[in-house]
Structure formats: C-alpha cells, structure tokens
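K.L.:
Sequence:
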Amino acid sequence: MLRVVAIMVWALVAPVAQAGGLTASFPSIDGGTLNLEDWRGRPVLVVNTASNCGFTDQYADLQALYDRFRDRGLVVLAVPSDDFNQELDSASDVKTFCEVNFGLDLPMTDILPVRGAGAHPFFRAVRDETGFEPRWNFHKILIDPEGRVAGTWGSGTRPLSGAIVSQVEPLLN
0 MLRVVAIMVW ALVAPVAQAG GLTASFPSID GGTLNLEDWR GRPVLVVNTA SNCGFTDQYA
60 DLQALYDRFR DRGLVVLAVP SDDFNQELDS ASDVKTFCEV NFGLDLPMTD ILPVRGAGAH
120 PFFRAVRDET GFEPRWNFHK ILIDPEGRVA GTWGSGTRPL SGAIVSQVEP LLN
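Take numbering that gives the first Met the number 0: the last position of the sequence shown gets the number 172, and nothing is skipped along the way.
Hints were generated in silico from the structure; no laboratory data involved.
Watch out, some of these pointers could steer you wrong.
Stated by the list, open to error - Each computed EDC-like pair below joins lysine to aspartate or glutamate, with the alpha-carbon atoms no more than 16 Å apart:
{"no.": "1", "residue 1": "LYS94", "residue 2": "ASP29"}
{"no.": "2", "residue 1": "LYS94", "residue 2": "ASP104"}
{"no.": "3", "residue 1": "LYS94", "residue 2": "ASP81"}
Could you build all of it, start to finish, from the sequences and the hints given here?
P.N.:
In structure tokens:
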C-alpha cells in the first residue's frame, strides 16, 4: 500500500515537458529521488527493465555501456517495471538480483509503470511528444543534454549496438 501511495505522489509531483526539454523525478531504488534535471548537460539513456524477461541479459550491456561512457557524461537509468508481468515482487529483490547477477551500479528507479494512462509522467510525456511507448521490456529512450528525445529503440536493439552508440557518442563531453 505504501508503494502505491508513493507512486501516486510521484505522479502528481513529477511532471515533465518544459520549454527547455524533458524533466522528471523518479523514486530511486535506493530511496530518495533521481532527477533528470540533475543530469542536465549530459545524455541520459532511460530503459524500462524487468528481471524475468528474455531480454534481461541486456543488463550486462547496459552496465558495459555505462562503464564505457560514464566518464564522458553518459547516464544510464534503469526503470524496473512490472507492466509486462516479468518483474520481481519488490524493489529490494530487483536491486539484489541486478547487483548479484550483473554487477549493476548504474542508477535505478523503484518499480514503476511505463505505459498507458498510469505510466510514470516521464513515459507519458515521451509518448505525447514522440508517439513512442514501450511495447515490451528493455525499450530505450535517449535524452540529449538539453532534455530532448534524441532517439528511441525497441527491445531487439542491444545497448551496445551501433545504432545506439552512434547516437550517444556525439552527445558526450
């Protein structure tokens, strides 16, 4: 119940589209808040994730992409979601699973909805702006340093693919 209330509060206080680009607040898997505004000036790859999916092995590539480019400014934000009924039962289970199996140290949100009317405001704003909405787990949204959507990819495009890396590299410091 507390998690549902927290998500409802975030939905009210985390709106997104501004003249200067997207901005959003996300509840962090570690507690506290993750704000896109804190990463302004840096590219951010936002990925809806799940722990029990055929694409879950992409966590390794997300970490590798983050390791490769974090010193040049890239942020990779994992957004665990149970919209497709493939996520673990709690944020702490997700965090442990990702750390133990993939050595993840990239930023992660709490478990959030990413599609439909109940989607987190970030995903609703991206959908309204671009028409892109996750149709499955591991869909990727690249936000440029000014907060604009620079690219979107489905589950089949791996994080280290040329399609993604070629879009990320020009945005780096």
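K.L.:
Please flag the earlier hints that this structure goes against, numbers listed from lowest up.
P.N.:
No numbers; nothing is violated.
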